Amino acid sequence: MSDITNILLVGVGGQGTLLASEILSEVFMRAGYDVKKSEIHGMSQRGGSVVSHVRYGREVFSPVVPEGEGDILFGFELMETYRYLPLLRPGAAVVANNYRVPSPSILLGQETYPEGLEGKIRSHFPDFLLVDGLRLASEAGNPRVANTVLLGAVSKRIDIDEKFWLAAIEKMVPPKALEINLRAFGTGRAL
Amino acid sequence: MKEILSGNEAIARGAFEAGVKVASAYPGTPSTEILENVSNYASIDSSWAPNEKVALEVAIGASFGGARALACMKHVGVNVAADPLFTASYTGVGGGLVLVVADDPEMHSSQNEQDSRNYAKFSKIPMLEPADSMECKEFTRLAFEISEKFDTPVMLRSCTRISHGKSVVELHEPVTGLPEPRLVKDPRKLVMLPGNARVRHPIVEERIVNLSTFGDSLPINRAEYRSEEFGVICSGVTWQYVREALPQASTLKLGMVYPLPMNLLREFASKVKKLFVVEELDPFIEEQVKSMGIVVVGKEIIPLCGELSPGRIRAAFANTGITVEPAAPMAVDMLPVRPPNMCPGCPHRGMFYLLNRLNAYVTGDIGCYTLGFMHPLNAMDTCVCMGASISNASGIVRSLPVEEQRRVVAVIGDSTFLHTGVNSLMEMAYNNAPATVIILDNRITAMTGRQENPSSGYTLAGEEAPVVNIPNLVRALGIKHVVEVDPYDLPASRKALEEEMARPEPSVIITNRPCCLIKGECRFEKGKVLEVDQNSCTGCKACLAIGCPAIEWKPDASGKKGKAWIDPLLCTGCTVCQQLCKFNAIK
Ligand SMILES: Cc1ncc(C[n+]2csc(CCOP(=O)(O)OP(=O)(O)O)c2C)c(N)n1
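Heads up: the sequence lines are chains A and B, in that order.
In terms of the numbering used here, the first sequence is residues 1 to 191.
In terms of the numbering used here, the second sequence is residues 1 to 587.
Hints were generated in silico from the structure; no laboratory data involved.
Worth double-checking, as some hints may not be accurate.
Stated by the list, open to error - The calculated lysine-lysine pairs, modelled on DSS-like cross-linking and capped at a C-alpha distance of 30 Å, are:
{"hint": "1", "chain 1": "A", "residue 1": "120", "chain 2": "A", "residue 2": "156"}
{"hint": "2", "chain 1": "A", "residue 1": "176", "chain 2": "B", "residue 2": "526"}
{"hint": "3", "chain 1": "A", "residue 1": "176", "chain 2": "B", "residue 2": "528"}
{"hint": "4", "chain 1": "B", "residue 1": "2", "chain 2": "A", "residue 2": "171"}
{"hint": "5", "chain 1": "A", "residue 1": "156", "chain 2": "B", "residue 2": "2"}
{"hint": "6", "chain 1": "B", "residue 1": "541", "chain 2": "A", "residue 2": "176"}
{"hint": "7", "chain 1": "B", "residue 1": "526", "chain 2": "B", "residue 2": "541"}
{"hint": "8", "chain 1": "B", "residue 1": "519", "chain 2": "A", "residue 2": "171"}
What the hints assert, rightly or not - Counterexamples of contact, computed for chain A against chain B with all Cβ distances above 10 Å:
{"hint": "9", "residue": "72"}
{"hint": "10", "residue": "170"}
{"hint": "11", "residue": "174"}
Claimed, not checked - Pairwise CB distance ranges, derived in the manner of DEER restraints:
{"hint": "12", "chain 1": "B", "residue 1": "41", "chain 2": "A", "residue 2": "115", "range": "52 to 62 Å"}
{"hint": "13", "chain 1": "B", "residue 1": "375", "chain 2": "A", "residue 2": "14", "range": "17 to 27 Å"}
{"hint": "14", "chain 1": "B", "residue 1": "471", "chain 2": "A", "residue 2": "167", "range": "45 to 55 Å"}
{"hint": "15", "chain 1": "B", "residue 1": "534", "chain 2": "A", "residue 2": "118", "range": "44 to 54 Å"}
{"hint": "16", "chain 1": "A", "residue 1": "100", "chain 2": "B", "residue 2": "557", "range": "12 to 22 Å"}
{"hint": "17", "chain 1": "A", "residue 1": "14", "chain 2": "B", "residue 2": "273", "range": "43 to 53 Å"}
{"hint": "18", "chain 1": "B", "residue 1": "303", "chain 2": "A", "residue 2": "118", "range": "17 to 27 Å"}
{"hint": "19", "chain 1": "A", "residue 1": "113", "chain 2": "B", "residue 2": "295", "range": "52 to 62 Å"}
Here the structure is a predicted model, which is why all the values come from computation and not from measurement.
Using N, Cα and C, we set each Cβ at its ideal position, and we do this for glycine too.
This is chain B alone, in the form it adopts within the complex (with noise of 0.2 Å):
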């Protein structure tokens, strides 16, 4: 049966067809689906960790009891990860375990474009890039195969063009006769004291060489005979663009990137008269065919930063005469830009209006919030990974006079507090920081589309579950002053700013308002809709400086002056803007 199939759901039914039994992660664009879609499947065990550290020690876990297991995370969860990947790599596997990274070249939703297929290199494990959602279904399984063929685990690395692209997949049946899970003491394989990790590591080694070797003939790593002019090693959804842009070339598409297949390669280079590489970010495959002594032509013309495609492979060898420089394009008058915003009744504008109107230096954080940068509410001045904003704010005060450590402001969402956030808090709290926090709590993991998360209630099946109480961990953590808040109520979560600000001492805010896209359940309860009084309204703007997409300036015939107006449509009733309005013309 055929069915079109994005990337991450083509993962998802790999991982179902491979017989994967348990799957963890945290939700990340562009992977989060991969996880949303296993689910589906009732023979996989499947749920949200509260970070990439912990949904792949689950994953680690589970395949110490046979079990095959899966984590999915974003390109800069592995960074999180990262401690016991490398260690992972030493103890091996029992059941398979594969660990899919999705990347993000030009960053439509990350904060860094960072190339996963260096931590392949570096945690020295082998690394699978599918160039289609076929090949994303097919690879998963194959990359169960080899994880338990060579006791390793296995790196499936996409990207954001095959997560959220779709094509055409065959599906298959599941595997069956895959081992039941049991426990297996193997403390000498699995416990990495120094004198076990000793044995281990040239087993490592060892392992990689062979699988290089392996490489040469797998038929995942195909060389393509064209042109005998030129050949393009590449991988993954680069291979499409290159097939699109030069389709007269001779190309080895590598399946599997790392290790490099070293004699197919060597093969390859010696039928075509002239090699490229042609990759997205960095030489990684470049690097390692150079230091085989191969002449071969990558990053002096293909760019560094940002995504490939087509037109920009084009570009790239028009200067090599192969290609004709593509046309410029049309151009058209400049418009008004169209980021994106908060949605109309998030809880978290307000807080944002209050922290610009008190001058505040926010320490921010990932998440819908980070969205409070934009203007007008112009109120974020840092922002650096998941939980920095606490620990960020812990050491700019220390260093601050007095009255300057007052306006440091850290922002975190629920999520990101849960992900790293606490950790951080129990820095400022152990060692006395003077900064405010605020825990901007939406009840949800709002930014990557609504996930459950271990304060939210409920489970990814949607079962209810034990609800971390946050007022009383940061109370556990050591914080003294902790104040919940309403953020619709603009008072008193000025009061709160203003009190917790002027504290010399480490100090919590919470806000208590769910994400108004909360659907079932009604964790969300939409308020009466506003309207503008148009024979009241002074036309002061001072409404417009929360920056709601639901209120509109009208201007009147001269242009000069007008009128705010609140879309009925987008309303939501929270009465923020109401509350900014000195003559009640907002009813």
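Just chain A, with the same shape it has in the complex (with noise of 0.2 Å):
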């Protein structure tokens, strides 16, 4: 199935992953490809761990990715970034804010977020690219549209007119936040 593309989003509950695939996914079947998209809602405002799939191409079938078949992650949190490397191809892009939510056993001062995550990414996935989402998004107008910078940039990874990205923004963003969250997608696809 080499003419599938694999994206997977994971962040933290909370964090927008769930808007982000919506986006992508609207992106995609307006380039007139066949979309699907999965993902788990049940834990997802408590803080858990989470992952949504896109894929997209001629005929999609199962709308989960295959183990080990992912061509771009899109991570929204960086330890979570790392956990899921493992469903990443050999030579996956990889595309992360560069951002540390505490995990509960972090909080309670029993362990500590991890160090070096950057490093370790780059050395199995060379193309990384690691954005300061926060401000970048600061620059743009407003800290909250920092996974728009983010898109942005994923958006250049991926070979589709960018008319169908920005008209799919403006279908999913509410209209007074449109004008800021296209100069944050406009940041993020000129990095």
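Two chains, two separate frames, one set of hints: put the complex together.
Structure below.
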């Protein structure tokens, strides 16, 4: 199934992985592809580790990405990005937010946030872009659009005309937040 | 027109296109969004029921009145609804009647992974199983046609990957020309006295035989011939995995998984050299195929537990030489795990802290508060099914010495109390079982995404509704000792717990703070964001004992000592941590 592109979005419940995966699916449908996506809702609100699967191509069967066949990993949090590397194929691209959310055991002081993740990710996946999402989003006008900056960076790794991305963002974000999201998307694309 | 829809959205759309008039459900992952989406269609009267049995009975009633009716629930909901289900199989339907059940293989958000297909066979009604969102919509429409054609309830089985997966759907117009609902008397068919039921049973048996024959030529049961070497019988999302993992395989894709199309099966079996069944969970199809005398390989290679995936299917077939063993996944270093947690400001947190401190034996129940099991609260000892907390407590105290009886406390949420807990409390009062019950009334069904319920004051549509007065209901059941407490007030909550646990009679404590995620109407009010005064903090870690995600331990350079820090973006100002600080460091 080499004509299928597999994207995984990973992060912590409440970070907005669901909305980002919705936007991606909309882009691929508009560009004329078959699309499937899958995710687990139940625990997403409660700060657990989350992963969404989005796949597109001529004809997509399984809604979940087969193990070891991920082409792009879109990470919203650094430790979660590292956790899901085994889902990727060798040579896959990784785009991640340089953002850390402590787990319950870290909050309690029983464990510490792992060091050196950036280097470890890069040693496995040289095509790794670590984005300072919060800073870039603040520069674009609002720290809350960090995910859109990341989305812009991801879009550069996917061969689909920019107009489909812009149209999907327009459909999926509320009108009053549109302008700033488009700016954030542009920032990410320019990285 | 094309849209990208989840399976649940597509089932709702299918109900709309099928001309459904009445829909009822009780929430449960992964089925919840079906009814939430149905409620967007003005032509359908949709509402939450207090539990699944009631939801199905509402739908059965609507069907008796001639309307097309839908009931939706998660797999374990069918256990609750099983009583009406089995007899509705005998009565048959007026307007089409469809029960959607969403299974949860792998238990992403469930307490077990029972396979609902067994219910179709057990209750002798047909079951359809869609493989993507488009099929969710089309099969929902078809289910209503089959229901009316064969005078039977029909089950539609989804699963987490179908309900919460999205794919492209072509929308159609709703059907027209359905008969208007009206009262038609037919007591011999609808009053299931033994004499009438004895007449109905053979009709049910004949119906299932006829449905099997019908299935032989039903287009959704589809033989797809590729390799002659081997063929795979599969259905639903498993068909997708098989197509991905074994692209060369011939497949018999069953859209109707019960009853099986016997002739079609025999024909398929005769055209392939080797036959397999690939199915998630139970050997449901496999056992029936084997009982037809057909040689087939199934659970000898396919796992019984958990979800399947293309990778798991490839691994299973590696033993047969059909696939190569997939490469082992790359190894990564061990990481801290990230389980879900109660939200910052959750009104449940303080009560579990106290239960831990009071060394209670907690019979638990299902809801957000089941997270009271997690470290550092560690305050839940049992959890079986909805409503069981109270009846388990009632049972456990019966054989215990008095000093241990005192330690038994049942905890249950408002929605779960109204679901089945009321019956349990009735039993506890009736038989005078000396345990304490805490009803954690956060005014919403939080776990499944904040659905309204009969004590929340609103309907599914957001309209104001009569409110069940829980304290009065508890008293009416015969409980004499009823205390209401503010769960953010730890000293008062502790006093109530100590008093009621010591009491050798049944008693109920009701908490009165709403879920901190309830929007609109401002039922939850955020307090003043708290801060740790770094000069006063001694680093004693007392505030960490509640496991609030807003409080973080910041070690100093030595790593041995440190201080607490509160994330101002997460803190809701509930003050529970403040009450634990002996040094007034939290302000
Ligand atoms: C029979 C059955 N139906 C539905 C569910 C899904 N479910 C789990 S918890 C829950 C409701 C919890 O609400 P509540 O008791 O008010 O507690 P809260 O989550 O608000 O704390 C539901 C509907 C289930 N586990 N079992």
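Do the hints match the structure? See the list:
1. A/120 - A/156: holds (23 Å)
2. A/176 - B/526: Cα-Cα ~25 Å, so holds.
3. A/176 - B/528: Distance of about 29 Å is within 30 Å: holds.
4. B/2 - A/171: holds (15 Å)
5. A/156 - B/2: holds (27 Å)
6. B/541 - A/176: violated (43 Å)
7. B/526 - B/541: holds (25 Å)
8. B/519 - A/171: The hint holds at about 24 Å.
9. 72: holds (16 Å)
10. 170: holds (16 Å)
11. 174: It holds; residue 174 of chain A is separated from chain B by about 15 Å at its closest Cβ, greater than 10 Å.
12. B/41 - A/115: 52 to 62 Å: holds (53 Å)
13. B/375 - A/14: 17 to 27 Å: holds (21 Å)
14. B/471 - A/167: 45 to 55 Å: holds (54 Å)
15. B/534 - A/118: 44 to 54 Å: Given a distance of about 30 Å, which is not inside 44 to 54 Å, the answer is violated.
16. A/100 - B/557: 12 to 22 Å: The hint (12 to 22 Å, Cβ to Cβ) holds, given that residue 100 of chain A and residue 557 of chain B are roughly 19 Å apart.
17. A/14 - B/273: 43 to 53 Å: Taking Cβ atoms as reference, residue 14 of chain A and residue 273 of chain B lie about 52 Å apart, which means the hint holds.
18. B/303 - A/118: 17 to 27 Å: violated (37 Å)
19. A/113 - B/295: 52 to 62 Å: For residue 295 of chain B against residue 113 of chain A, whose Cβ atoms are near 56 Å apart, the range 52 to 62 Å holds.
In this structure, the hints that do not hold are numbers 6, 15 and 18, in rising order.
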